[in-house]
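K.L.:
Single-letter residue listing:
2 protein chains.
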Amino acid sequence: MTILRQPTRAGLRDAAEKIARILPPTPLFVHEINGMPVAFKAESLQPIGAFKIRGAWHRLTALDDATRARGVVAFSSGNHAQGVAWAARRLGIAATIVMPADAPAVKRSNTLAMGAEVVDYDRATERREVIAAALATARGATLVPSFDDPWVIEGQGSAGIEILAQCAAMALPAPTRIVVPCSGGGLAAGLALAVPDAEMTIVEPEGWDDMTRSLATGVIEPVGENPPPTACDALMTREVSPLTFDVLSRRGATGVAVSESETAAAQRWAAEKLRLVIEPGGAVALAAVLAGKVALRPGMVIILSGGNVDLGDYAKAMGG
Amino acid sequence: MTILRQPTRAGLRDAAEKIARILPPTPLFVHEINGMPVAFKAESLQPIGAFKIRGAWHRLTALDDATRARGVVAFSSGNHAQGVAWAARRLGIAATIVMPADAPAVKRSNTLAMGAEVVDYDRATERREVIAAALATARGATLVPSFDDPWVIEGQGSAGIEILAQCAAMALPAPTRIVVPCSGGGLAAGLALAVPDAEMTIVEPEGWDDMTRSLATGVIEPVGENPPPTACDALMTREVSPLTFDVLSRRGATGVAVSESETAAAQRWAAEKLRLVIEPGGAVALAAVLAGKVALRPGMVIILSGGNVDLGDYAKAMGG
Chain A
1 MTILRQPTRA GLRDAAEKIA RILPPTPLFV HEINGMPVAF KAESLQPIGA
51 FKIRGAWHRL TALDDATRAR GVVAFSSGNH AQGVAWAARR LGIAATIVMP
101 ADAPAVKRSN TLAMGAEVVD YDRATERREV IAAALATARG ATLVPSFDDP
151 WVIEGQGSAG IEILAQCAAM ALPAPTRIVV PCSGGGLAAG LALAVPDAEM
201 TIVEPEGWDD MTRSLATGVI EPVGENPPPT ACDALMTREV SPLTFDVLSR
251 RGATGVAVSE SETAAAQRWA AEKLRLVIEP GGAVALAAVL AGKVALRPGM
301 VIILSGGNVD LGDYAKAMGG
Chain B
1001 MTILRQPTRA GLRDAAEKIA RILPPTPLFV HEINGMPVAF KAESLQPIGA
1051 FKIRGAWHRL TALDDATRAR GVVAFSSGNH AQGVAWAARR LGIAATIVMP
1101 ADAPAVKRSN TLAMGAEVVD YDRATERREV IAAALATARG ATLVPSFDDP
1151 WVIEGQGSAG IEILAQCAAM ALPAPTRIVV PCSGGGLAAG LALAVPDAEM
1201 TIVEPEGWDD MTRSLATGVI EPVGENPPPT ACDALMTREV SPLTFDVLSR
1251 RGATGVAVSE SETAAAQRWA AEKLRLVIEP GGAVALAAVL AGKVALRPGM
1301 VIILSGGNVD LGDYAKAMGG
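Here the protein sequences come in this chain order: A and B. Under this note's numbering, the first residue of the first sequence carries the number 1, and numbering increases by one thereafter. Under this note's numbering, the first residue of the second sequence carries the number 1001, and numbering increases by one thereafter.
Misleading hints may appear alongside valid ones.
Claimed, not checked - Not close to chain A: a few residues of chain B, all C-beta gaps over 12 angstroms, as computed: (1) P1024; (2) R1068; (3) A1094; (4) A1101; (5) S1109; (6) T1137; (7) G1207; (8) A1271; (9) D1313; (10) K1316.
Said to hold, decoys possible - Under 7 angstroms between C-beta atoms, here's a sample of chain A residues computed to sit facing chain B: (11) R251; (12) R268; (13) G307; (14) L311.
Stated by the list, open to error - Covered by chain A, per the in silico footprint, the following chain B stretches (three or more residues, Cβ under 8 angstroms): (15) 1044–1055; (16) 1117–1125.
The hints are simulated quantities; they were obtained by calculation from the structure and are not laboratory data. From the three backbone atoms N, C-alpha and C, an ideal C-beta is built for every residue, glycine too.
Start from the sequences and build out the full structure, keeping to the hints where you can.
P.N.:
Listed below in structure tokens is the structure:
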């Protein structure tokens, strides 16, 4: 995909204004970890259960009428799918979503319930980018990337604008460090643009820590040949994009990886202490902090990026 | 206990103003049930995980300095305990909580963590009212009832003032029916005062439906001799008070009872659709609606009153 432009602060402010008109800010909760107050941004409480609604709304509202009439195509394991489907339904745009056959049932059914067409693919043998691009070409539809797009990055960054306003309103310290789950890096890059004074720490599942390694070496490195299974279906991106990598790299962001058991422990902590249902991929930032892999400090903000769970899997995580 | 006064609309407004100064409104979410938009008031997202923080704050702030210095005593399976402990810590008041030995561990540990002293009793053989009254007398401390008190009722009613403001701000219809979990009836009575135009439906666990029967007969009836076990630890009140009963009875409130499996199904629905952890007692109002025991209508508000769960029990509920 050709990069049309870089994400900008002006675009971010525009995104934040557009999103504030249709969605209330997600709550910012404060809870102590080892005696230190930490702020939690609950993106799991968006209508679609994830932050992805932000970028989808900013992207789709930027399309002109003729483009909207030809529809949109996206590929996603579920949260971006729901974001695009939600925005498309509200704008009267036809949406087609390419989704892995093993995506969580709740994400698939929610996407279908919002009127999108779902096209399955096999995560092991097919490349979703290729299927989605072919569909878009055949239909004249617009491909809506899940992270490799300046509008999508700006839209996700609107969460950071809300965090700044909420910290001020709640008399909390301004954010000094944001800890955020990372798949393609759209949310992390958007937050980095929105909150210029905070240190950025991105968190990935072990074996899927390509952004962490890329930031360490300064060169984009893909996920290895046979990555391990992970419950973090939302974080299984095999390679980040120059657009997100450059923002985070220039910012000096660093990454850490967490284990599956650390992620499940974070899901339990969120249920017990915050009374929030957080999906595995949405809990990795909290997991890194609880595991002591990211140092606590005043002004820390942890992003809880999604809460879409299949109940059987969730019951197992809760059972410990 | 002598009834000093009735709860009033003026007291309610005072409570709402005091509470707005220290706590942000809990979110009001909208989600469809069978195609009908329904509003959900998430009191589970209070700092203590339940609405009880409201009444405790209004009650304790109404005590004069000399009374505060002698401390407070409360009895509770956990949510009122946490509310009193939270308010007492913030006001520098010593708090003693009489708690059943089988209370959920999370409620006990949270109460202790907030600096309260916890005194155990056996739910089967001892009467907590007697223990608490003896402690209060011995120490000169003030007993803070969990529902049989005008300040407590007014404080809980502040949730209704928030609901009215949120419905207006979100362009939702004004509440026409509020469906609310009921133990002693403090929250239901407070909401009835706060939202005078809504029909009130209270919900209890099967076998613990004393308020439902009392409202049907017009006379306070206690829970029967050997009530069945229930996961709704927060709703195991054996007899409501004239104060709460009179408010609800004059209002023409009616009640329904739900089964344990209906309650667990509502917990699962809340996790999957709203991404909220709701304790059994906090989920009964939703359970009644999902089970078709309360008719859907435009302007319906369901109260999710608490979210404090022991994870082992919660995992079982999630597993279905």
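K.L.:
Run every hint past the structure and note whether it holds.
P.N.:
Evaluation of the provided hints:
1. Not every beta carbon of chain A lies more than 12 angstroms from that of P1024(B), the smallest distance being close to 8 angstroms; the non-interface claim is violated.
2. The Cβ of R1068(B) lies farther than 12 angstroms from every Cβ of chain A, with a closest approach of about 25 angstroms, so its non-interface assignment holds.
3. At roughly 22 angstroms from the closest C-beta of chain A, the C-beta of A1094(B) stays outside 12 angstroms, upholding its exclusion from the interface.
4. The claim that A1101(B) is not at the interface with chain A holds, since no C-beta of that chain comes within 12 angstroms of its own (minimum 21 angstroms).
5. With a least beta-carbon separation of about 10 angstroms from chain A, S1109(B) fails to lie farther than 12 angstroms from that chain, contradicting its non-interface assignment.
6. Every Cβ of chain A is farther than 12 angstroms from the Cβ of T1137(B); the closest lies at roughly 36 angstroms, confirming the non-interface assignment.
7. No Cβ of chain A approaches the Cβ of G1207(B) within 12 angstroms, the least distance being about 26 angstroms, so the stated non-interface status holds.
8. Distance to chain A contradicts A1271(B) as a non-interface residue, since its nearest Cβ pair spans about 5 angstroms, not more than 12 angstroms.
9. Listed as a non-interface residue, D1313(B) fails to keep its Cβ farther than 12 angstroms from every Cβ of chain A; the least gap is roughly 9 angstroms.
10. The claim that K1316(B) is not at the interface with chain A is violated, since a C-beta of that chain comes within 12 angstroms of its own (minimum 8 angstroms).
11. Interface restraint check: R251(A) against chain B, minimum CB-CB distance 30 angstroms, threshold 7 angstroms, status violated.
12. Here the hint on R268(A) is kept, as its CB sits about 6 angstroms from the closest CB of chain B, short of 7 angstroms.
13. Below 7 angstroms, beta-carbon pairs count as interface contacts, and G307(A) has one with chain B at about 3 angstroms; its hint therefore holds.
14. Of the supplied interface hints, the one on L311(A) holds, with its beta-carbon coming within about 5 angstroms of a beta-carbon of chain B, less than 7 angstroms.
15. Residues of the region 1044–1055 of chain B with a Cβ under 8 angstroms from some Cβ of chain A number 3, which satisfies the need for three, so the listed coverage holds.
16. Interface restraint, the region 1117–1125 of chain B with chain A: violated (0 residues with C-beta to C-beta distance below 8 angstroms; minimum three).
Hints 1, 5, 8, 9, 10, 11, 16, counting from the list given before, are not met by this structure.
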